[in-house]
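Undergrad: Protein chains in written order, with our numbering: chain H, 1 to 388; chain D, 1001 to 1808.
Derived from the structure by calculation, the hints contain no laboratory data. Keep in mind that this is a model prediction, so the values were computed, not measured. Hints are not guaranteed to be accurate.
[Said to hold, decoys possible] Label-pair ranges, simulated between beta-carbon atoms:
#1 A1149/D to A274/H: 16 to 22 Å
#2 H1625/D to N67/H: 42 to 48 Å
#3 A274/H to G1731/D: 34 to 40 Å
#4 L1798/D to A274/H: 51 to 57 Å
#5 N67/H to P1497/D: 24 to 30 Å
[Stated by the list, open to error] No more than 30 Å apart at the CA atoms, straight line, and that leaves these computed lysine-lysine pairs for BS3-like:
#6 K194/H to K1659/D
#7 K195/H to K1659/D
#8 K1191/D to K1537/D
#9 K1537/D to K1524/D
#10 K1659/D to K1729/D
#11 K1611/D to K1729/D
#12 K1629/D to K1774/D
#13 K1418/D to K61/H
#14 K242/H to K194/H
#15 K1629/D to K1548/D
#16 K266/H to K308/H
#17 K231/H to K266/H
#18 K194/H to K231/H
#19 K266/H to K195/H
#20 K61/H to K1537/D
#21 K1225/D to K194/H
#22 K1729/D to K1225/D
#23 K1611/D to K338/H
[Stated by the list, open to error] Covered stretches of chain D, as calculated for chain H (at least 3 residues, CB under 8 Å):
#24 1064-1076
#25 1299-1309
#26 1318-1327
#27 1375-1383
#28 1450-1459
We treat Cβ as the ideally placed atom computed from N, Cα and C, and that holds for glycine.
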Amino acid sequence: MGVLLPLATSAQAQQVVQSLSIADRASAYNREMSSMIIWALAFAVIIFVGVSAALFYTVYKFREDRNTAEPQQFHGNNTLEMVLVGVPVIIVVLLSLLTVRAMARLNPTQATDYPVNAVAAQFYWNFEYPQEKVDAAAGTGLVTNGNEMLMPVSSTDPQAGPQRIAVTATSRDVIHAFWAPNLGGQRDAIPSVKKTWQIATDRAGVYQGNCNVLCGASHANMRFKVIALPKTDYDAVMASMKAYKAPTPAAGSPEEAGYAIFTQGKDGSGACAACHRVQGTPANGQAGPDLSFFGTRRTLGAGMWEGKNVDDNLHQWIKDSAAIKPGSVMPHYDGTTKGYPALSDQDISNVEAYLRSLQLPAEGDYWAKVSAAAPDNVKAIPAAQGGN
Amino acid sequence: MAIQVPQQKSGLGAVLWDMMTTTDHKKIGWMYILVSIFGFGFAGIMAVLIRLQLMVPNNHLLVGNLYNQVLTMHAAVMIFFFLIPIGLFGFGNYFVPLQLGVRDVALPRLNNFAVWLFFFSMLLILTGVFHGGLPGVGWTFYYPLSVDANQTGVVVFMVAVILNGIASLLGSANFAATIINMRAPGMSMWKMPIFTWSIFATSILQLLSLGGLTAAALVTYLDLKLGLTMFNPGIGGVPALFQQFFWFYSHPAVYVMLLPYLGIGAEIASTMARKPLFGYRVMVYSILAIVLVSMIVWLHHMFALGLPDTWQIAFAVATLVVAVPTGVKIFNLLGTLWGGRITMRTPTYWLIGFIFNFLIGGITGVTLGMIPFDYQVTMSYYVVAHFHNVMMFGTAFLAMGGLYYWWPKMTGRFLSEKLGMAHFWLFMIGSWMTFLPQYILGLLGMPRRYYTYPAGNYAWSELNFISTVGALILLVGGVVWIWNMLQSLKRPISAGPNPWGGFTLEWTTESPTPAYDFAHDFPKTFPTERPLYDWEKSGMKLIPVNVKDIHLPQSTVWPFATALSLLFMGYGLSFGWFNWNWSPTPATAPNHLASILLWLSVPAFLYSLFKWAGTPEYDTPVEHHTLTKYGNGFMGMAWFIISEVGLFGVLLAGYIYLKVIGAAAAPLERPALALAALNTLILVSSSFVVHRAEQDLHTHRYSRGRLGLLITLVLGMLFMIFQIFEFSKFGMESNWTQNLWQSCFFIIVGLHGLHIIIGGVGVALAYYQHMTGKIDRTNHGSLAPASLYWHLVDVVWLLIVALFYAWG
Chain H
1 MGVLLPLATS AQAQQVVQSL SIADRASAYN REMSSMIIWA LAFAVIIFVG VSAALFYTVY
61 KFREDRNTAE PQQFHGNNTL EMVLVGVPVI IVVLLSLLTV RAMARLNPTQ ATDYPVNAVA
121 AQFYWNFEYP QEKVDAAAGT GLVTNGNEML MPVSSTDPQA GPQRIAVTAT SRDVIHAFWA
181 PNLGGQRDAI PSVKKTWQIA TDRAGVYQGN CNVLCGASHA NMRFKVIALP KTDYDAVMAS
241 MKAYKAPTPA AGSPEEAGYA IFTQGKDGSG ACAACHRVQG TPANGQAGPD LSFFGTRRTL
301 GAGMWEGKNV DDNLHQWIKD SAAIKPGSVM PHYDGTTKGY PALSDQDISN VEAYLRSLQL
361 PAEGDYWAKV SAAAPDNVKA IPAAQGGN
Chain D
1001 MAIQVPQQKS GLGAVLWDMM TTTDHKKIGW MYILVSIFGF GFAGIMAVLI RLQLMVPNNH
1061 LLVGNLYNQV LTMHAAVMIF FFLIPIGLFG FGNYFVPLQL GVRDVALPRL NNFAVWLFFF
1121 SMLLILTGVF HGGLPGVGWT FYYPLSVDAN QTGVVVFMVA VILNGIASLL GSANFAATII
1181 NMRAPGMSMW KMPIFTWSIF ATSILQLLSL GGLTAAALVT YLDLKLGLTM FNPGIGGVPA
1241 LFQQFFWFYS HPAVYVMLLP YLGIGAEIAS TMARKPLFGY RVMVYSILAI VLVSMIVWLH
1301 HMFALGLPDT WQIAFAVATL VVAVPTGVKI FNLLGTLWGG RITMRTPTYW LIGFIFNFLI
1361 GGITGVTLGM IPFDYQVTMS YYVVAHFHNV MMFGTAFLAM GGLYYWWPKM TGRFLSEKLG
1421 MAHFWLFMIG SWMTFLPQYI LGLLGMPRRY YTYPAGNYAW SELNFISTVG ALILLVGGVV
1481 WIWNMLQSLK RPISAGPNPW GGFTLEWTTE SPTPAYDFAH DFPKTFPTER PLYDWEKSGM
1541 KLIPVNVKDI HLPQSTVWPF ATALSLLFMG YGLSFGWFNW NWSPTPATAP NHLASILLWL
1601 SVPAFLYSLF KWAGTPEYDT PVEHHTLTKY GNGFMGMAWF IISEVGLFGV LLAGYIYLKV
1661 IGAAAAPLER PALALAALNT LILVSSSFVV HRAEQDLHTH RYSRGRLGLL ITLVLGMLFM
1721 IFQIFEFSKF GMESNWTQNL WQSCFFIIVG LHGLHIIIGG VGVALAYYQH MTGKIDRTNH
1781 GSLAPASLYW HLVDVVWLLI VALFYAWG
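One chain only, chain D, in its complex shape (with noise of 0.2 Å):
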């Protein structure tokens, strides 16, 4: 970790506090880097193992749940902790404020949280190696398996899922507010450098999808641990149901994927082009379609399962159109580099390697999209050698260029070329060799996820030799790498501001970047995209700044305590639940150790979270300016509400479907709806009194507004006694395992009860804070963004008043 700060070598306690209290973006865009690199090493072993045990027929390496479980990881990790994490929020993280000319995130502090809840989710999957064993069931977890009795490590998967949504979903936010409320002054949002608008459409559509899968996660949660279910056939639920919530994120997800390194092969193209985007507004435009697009073509991973044509039609037709906006991308970027001076450097080899795999990968997607073709193919290799074309060799190669391009900007130091050469050689034949045969292995009818296959079948067990080989070309491609990355780390710091000639505002800074990131101001016109280019044809000159004027967040731990906290809680919500008993029988013991720590991280939890509240972002008052008139914590809540309502939405709109369809009857004894009516009256009024003590703060009223979060506080709490009474009662009087429609009732309105927890202490926060007197004439604290929250509460409620007690 050295890497971080060069100029301070220190121990491994101080750069781990530092860690764990910085509120640096540079920092914990490192930290994203870093645990996606592991990631990718990790899930790339488990990949070489897979590719051994497939290299011969019947092999006995790993086999059967071994098998699934080493096949499940090598996803899960892939996906969750590099594909995903590297591109949006390591490079995110690290470049958005640099090219919005910026010093920090609109939320700082946010980010630490977030990035450690990431780390930590990960951790928390592989606790499942000391209860039986990893998750085996595939990273889709399709109901029924991942509820069937041989399966293990699935309860901690589901929680893993959903505090790395969460933590993905905050850094979202964090972006989106970032890219509204603060870019160097005369930026506007059409002058934003190509990256950063990648980072914003992803961030967008990540808060606009996620809901769907922590649905999936949340709904295979509970009924692993109670009972609920949605999907359970045996009571009317419907298994189909799953993969619609799934797919609803987990489509959107792979551009995800796409998005952010698209956006890193534009910057990369254009530099070494020593040009101008060709059509950035298209470019931007195509984005924008894509996000757009992408939320409605989930069904086509769905088709095998026989929905109605009219439906498979109109997703496969949007599944071809997807090819519009994402081909425009591809010829931009030969666009920009058509004309230019192109610097052939590994940066420029990556992008191309990239345009050129990505060229088959795009083409195979659009054949998949053609239904009666994706009958035969579908969940066989073809479809593996498909998405490995589009992900692996596709943008995994950008991630690769983006690294390479921006190594000697957070490090100081070129990669060697050299190196970087055979790494790209090396991966590139690796990749063709490992799945261009799996195309064909495909066509000739070898299924996904097996663990073994009988010898004789035509022309199996060469393919699957070749293919092996090529993964483990692509093992020593990846050894070659690392060994780069190592020895760059040993050369002298020589690659000044800006090495490759780039436009963009993050080349103004020095190399490694400072943690103040800029000693200077920027000029305020910006006639395009590219304003060093502008600037320098114009004339104009960055304006110096005193590095000692300039004031940054200060550090916190508690920001980490209350991830940590979320780890124990999570651990304990895995392998233990809210028990009281305590028999200590060797056999129980893990589960007791588990139910005291989640006991015990509650209070922790509360204590960082209030301890966090009561902290200042900035250890001097400091004037903050923001684009809009809203406060950067109101600006971030406003779009992580997106993702709540996405989430409440696929639930509520998997309920509809199933009350629709007729499976879920309401029973004859259920809540009363007089009783509901009394809590809307109490929470509607809350919802005022939260808003009147938000305008007395601003009116300068402290203490009667301190009284309103008080009262906002007792309502809410009225709220929650009624609804706990409503619910034991309905719990005694039946039995919700045997019932859909009271399964969906305790799933959907508990979640929302859970919300009104969540709210509450943010209220309460608000309220600490105007005890303690943090809040004052400057600093509002977090009363805007709670206050929010608590508003969304109240609407969310008043739709399940709708759906659940008054519909019949």
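Bound-form chain H, shown alone (with noise of 0.2 Å):
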């Protein structure tokens, strides 16, 4: 058995400890959801240890070693049956309105509730915020970010922000799920159908979120990081992405190199651009996860790799995504895929600094702002991009 096992590879290990938990009472949600469940709690208990006392009772006393006597043949009792009818039901009954009470106080999403798009794909995520316009002076459409959703922290007074998120869920090809346990229940993200439900936090902090249908070979891979901000600290970010315009690379530079592949392909084909957005620039395509903050992302892969593990897998990500995540969609750039031109290591180098370019300013970094704003309990990852 012992060759079956090959265990976690070392470079995992950097990892930071998350702390997943639906129990999380930073959540106005789990709040209203733990108050009804308690009560489930306090039944199940009793219940537990009723039954299973009388049970081990009943079996301590009347085994044949203990009880010799020839057993009295009764059929029932109508009395007794009517109360283990009618106890049930009365829990039941009470229980049902506690769920309906949770679910008024749930539901629906208000007026007021800021609301984020979380469009899932296989196997990714691109979160776009409705409110968020981008400047027409920087490019056209939302401000849009791949695999790591803003959020601010619930406020108790609507002037200085909303209390809580609704996210739209919806998806572009197979079922998905939208689930951070720490900030709420879950939504199912279905194609050419929009959900919405809410979500929220009173706590600053960098949260995990994950994909929570099976939706192909690495449904275990479709990751995401929810950074929940202070308003102010939110608001800046989202100044700051709305009038972000991708950075134009210097001439001559490997970021010039790179996006050109990026924008034109190799050889007149394979266009980063054909599926992937940048901000600000010509490229607009729809069908990847949006580029626009690229490098200012610390998460690879829909959050297979963070932090260094992004720079060493960034190389073999462009060239052939599908060997270190399976099922990626993501073209071969290797020379594999039919229709796409093989990059040379130099090549995908250039794409790589053109990528790691995609940078907001320092006002729109929420890493930075996230690790300042709630440096005890974020688990903020490290940067840890090589020359930047």
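Put the two chains together into one complex; each comes in its own frame, and the hints tell you how they fit.
TA: Spelled out as structure tokens, the structure:
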């Protein structure tokens, strides 16, 4: 059996501890849910203890070596039966009422909720911000980021910010689901359907999210980060994002060579821009994750790699992503995908350099902001992109 | 297989031939049990592989689609080839006739057909290995993942699910007919043993709900093969509709995997405590209540879809309500044990283990009904833990209990108590270690169906490691169990007729049970559901009969041959098609082979079926005694028809929904009402004709009856000709992959066309029996069921005319 178990690669050991839990009470959703489920838990304990005690007492008392008398042949007890039906009925009615009350408090999402679109596809997320239109000077469309979602922390004062976030989930291919347990319940992302659901947190920090409906080979590799920022920080980041225009590479730099491949491909085929959008450039592809702020992001492959591991895998990723992420639909750039060019290592390094240059200015660096705002409970990913 | 006929040692070929031809409900029960044990072993090994992959973070044993295939096979085989069949069809076939005091099921040859079709459906899924891979879409095969280009084995999985469903329905209809028509004289329904009641209720539940799964699989199959769809959002279809179809069956299926085992548990409790059941009637009512309520809770699998709140709440309340009758069952098991003199043998331990474990599983199930909590943990490991809690260390414990309890009856030998206790405790501890940590994993945010997880999520690594160790303990337990069975078969037959002191009729016959079941008849008074206790008290005796006077149905190979031809047809429908052109390039060669098999399977199927119909059930004329005035064939068909109504009901409900929301608008050019009206006339007349032909048989006007059947067939053919014309025209006028209404039309009206063909074959069988003199004064052949089926096809047509031709 030993050979069957190649152990974890040590390269992964860098990852920081994430504390996922549905019992995270910083979320209004989870508080409401807890106040409902605590009742179920109380009944559960009573029933479990009561019934299992009755079971073990019965077995202890009436096993044949203790009870040698010929048993009485009774067929039932109507009063007892009524009680045993009646008590569960009462409990069920109570739990139903609690469910209805919680549903009424949690639904529906309100107009004052801050909207975010979560667009799922095999195997990544794009997060769009319907209220955040890109400045006309910078480009078109909505502020969009792949695999890293931003949200403001809740505020009890409506003037100071929204109390909760209305996530509208949808999908471009199969069914996925948006689930960030620390922030609230999940919602399925269904093709051609838009379903809105609420999440919230009172605490700035970085929260783990996952796809939660089997969606193919890399279902397990369809993760995302939710970065919750204080409202003022959030506004600053959004302003920076709206104004963001991807930096123009200096003439003759590797970035410029990378940009050329990104937008035109090599030998006239395989442009990255056909599938990827970069705000403020002609690249406006919609089939893949948005790369506008790639240089600011600290994850790669929909959360498969974080921090330093991003650097270790980016080159291979561009070359042949399916080799390191099962089922990745991005074409291979090693010549094995028909109609796509084989990029040399130099080409790939140039594209890497271009991607790394796609950085927000300091006031938009949400990782730096969240580290500053919540140094203790953030577990933020260290920046590790060499040379930037 | 020597266990079947321990007296006669015979070669493998002879044993195989016996299995292929037998009509003996006990051998068929054994076949279900053996396939189930194999299924449990296979799926169990899949489970261990899954756990080994998840033992440590970022493991590379099973990655991506390979993991998904193992996961899918684990679930599909555990459900369709272990948990559903071993209780319902394994123990059901063996013990329902014995508990009823009869010598076979209502339709013994159909039983043989069903068990082989069941077995072949498993083989069929596995053929995916030779065609790219096994299915990896999860046993739930959600749309549109099922039609995703990177998936393998889905088509054959769909065909296998449909064939498995047919086998399951035939088996269920057979039980229902047996229970209604064939009980020992004097045994009323209210005196039936609780296990038989459970099988009856489970059969009804299967018949009512299985149409949902068939509809889901059928539409997925047609989507993959022909682009016919009801779900494709690209043309206005609704992906969530797939889940409605699927869960309409697959939630009730949970109770199909529970009720037979609750029956077994109650039998064990009563026997081992030497007491009557506590609240027998209440238990029966609870079973029936579970059947009823389980039909209206399916939506709770889909809360995270975000359907309207009122619907969610209604289904949530129904979900919570199920806890009441389920709780009653548990309390009554306790009540049965209370005050007894409990024999502490392995079956008792499995029962106690079940009650304790099921208590946890039931309670966590209630929490899942509470929607805001469900939004958090649905599809997470909390759910994984919950349903394994209910199934693996819930009902599977009672499957084991049933096996230990009835093993002496089935083999004449005991299983070792020592090994049995080792098996029990390994399963108990293994289950807790495997699944209890998974509850916590779910609360800590671990989604299900993940092939990997990163290191560093709080407690994930530790809990997953414990879970894997638990799975390895379960593996050891499984090995002990198999060893125990093999050891037992080496011991001499020593169990005697009634080793545990049971109170129901199966304990009156020898162990293992001889082919004729009982060498005696029973007294005709059944004061309670425990005849042996009552008769002993009142001094009533069994009435010996001469074994030579007992007539049993004769063996025949044709049901097997019919099932085998369906295996080839299924293979052809999965990997081939009705192609004419032949291009022997190596890359497409397997598909050509499949296409050839498909062509050949059709005549093989018809030939076997006609041979089957032409072979009399008994080699000598036998008077049939049924409790109702209806024959077994008619009774079986009447029950089976419930499932057809269910199938069309589900599909039509889906169509009506799509139409009402405006997604399925009829195209301007569509099949004319006039032709449909003509077809209605044809079909309704044929219904009258076939009815008249049946009457003629009763009044012994054979030649006129024969003519009537011929006219029915001609009318049916005329109908088909018009419909083929209409389909061809409509298919050429517009593209069904682009129009949802047209797609629905072809799926549902086409399915009805298939039913016309099936019904026509049924009438043709009766006609053939007429022609060859098989229908006479005592033997009415299969005319009654064929005629009934033909009426059904007719009624469905009227609905279709209303919904597709008349409705604008």
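Undergrad: Any hints from earlier that this structure breaks? Give me their numbers in increasing order, please.
TA: 11, 17, 19 and 23
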